[in-house]
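To convert, take the position in the sequence shown, counting from 1, and add 404; that gives the working numbering.
Derived from the structure by calculation, the hints contain no laboratory data. Bear in mind that the values here come from a model prediction, so they are computed numbers and not experimental data. We put the beta carbon where it would ideally sit given N, CA and C, even for glycine. Incorrect hints may have been included.
In silico DSS-like links for lysine-lysine, alpha-carbon gap of 25 Å or less [said to hold, decoys possible]:
#: 1; residue 1: Lys475; residue 2: Lys461
#: 2; residue 1: Lys414; residue 2: Lys473
#: 3; residue 1: Lys471; residue 2: Lys461
#: 4; residue 1: Lys470; residue 2: Lys414
#: 5; residue 1: Lys414; residue 2: Lys475
#: 6; residue 1: Lys471; residue 2: Lys414
#: 7; residue 1: Lys461; residue 2: Lys414
#: 8; residue 1: Lys461; residue 2: Lys473
Label-pair restraints from in silico Cβ distances [stated by the list, open to error]:
#: 9; residue 1: Asp489; residue 2: Ser463; range: 33 to 39 Å
#: 10; residue 1: Leu451; residue 2: Phe413; range: 17 to 23 Å
#: 11; residue 1: Ile435; residue 2: Gly464; range: 23 to 29 Å
#: 12; residue 1: Asn433; residue 2: Ile466; range: 26 to 32 Å
#: 13; residue 1: Glu437; residue 2: Asn481; range: 26 to 32 Å
#: 14; residue 1: Thr418; residue 2: Asp447; range: 28 to 34 Å
#: 15; residue 1: Cys419; residue 2: Leu480; range: 18 to 24 Å
#: 16; residue 1: Asp487; residue 2: Phe413; range: 18 to 24 Å
#: 17; residue 1: Asn481; residue 2: Tyr458; range: 35 to 41 Å
#: 18; residue 1: Gly411; residue 2: Lys471; range: 30 to 36 Å
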Amino acid sequence: PSLLSLGYFKEVRTCLQYFAEHTEPGIPNLISETEGFSRDAIDSTMLWIISLEYYVKVSGDILFLKKIKHKLITLLNFLFNRDMDLDGFSIIQLP
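Go ahead and model the full structure; you've got the sequences and the hints to work with.
Here it is as structure tokens:
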């Protein structure tokens with residue numbers, strides 16, 4: 405939200421796109437050149453969806469939403485599949 409308030413729409417869009425390109429299955433908590441990726445994250449996936457919604461509301465960039473719609477659906481399915489007891493809460497599966 406802070407970057408959007410300052411008018412950095414292009415930068416926010418770039419960040420959203422970058423993280424969306426690295427989903428398998430969810431948005432990673434960490435993307436590092438030295439440490440790799442932290443995968444299978446529930447919280448970062450939800451935060452990405454919230455950030456996408458806020459970006460589209462503030463920027464009005466419906467074309468970006470249409471472009472990234474397939475990733476959004478994939479991420480929503482990832483979260484829905486984690487709702488083991490169908491109570492509306494996704495859970496983290498521990499090893």
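Quiz item: Which numbered conditions among the earlier hints are violated in the structure presented, ordered from lowest to highest?
Solution: 14, 16, 17, 18
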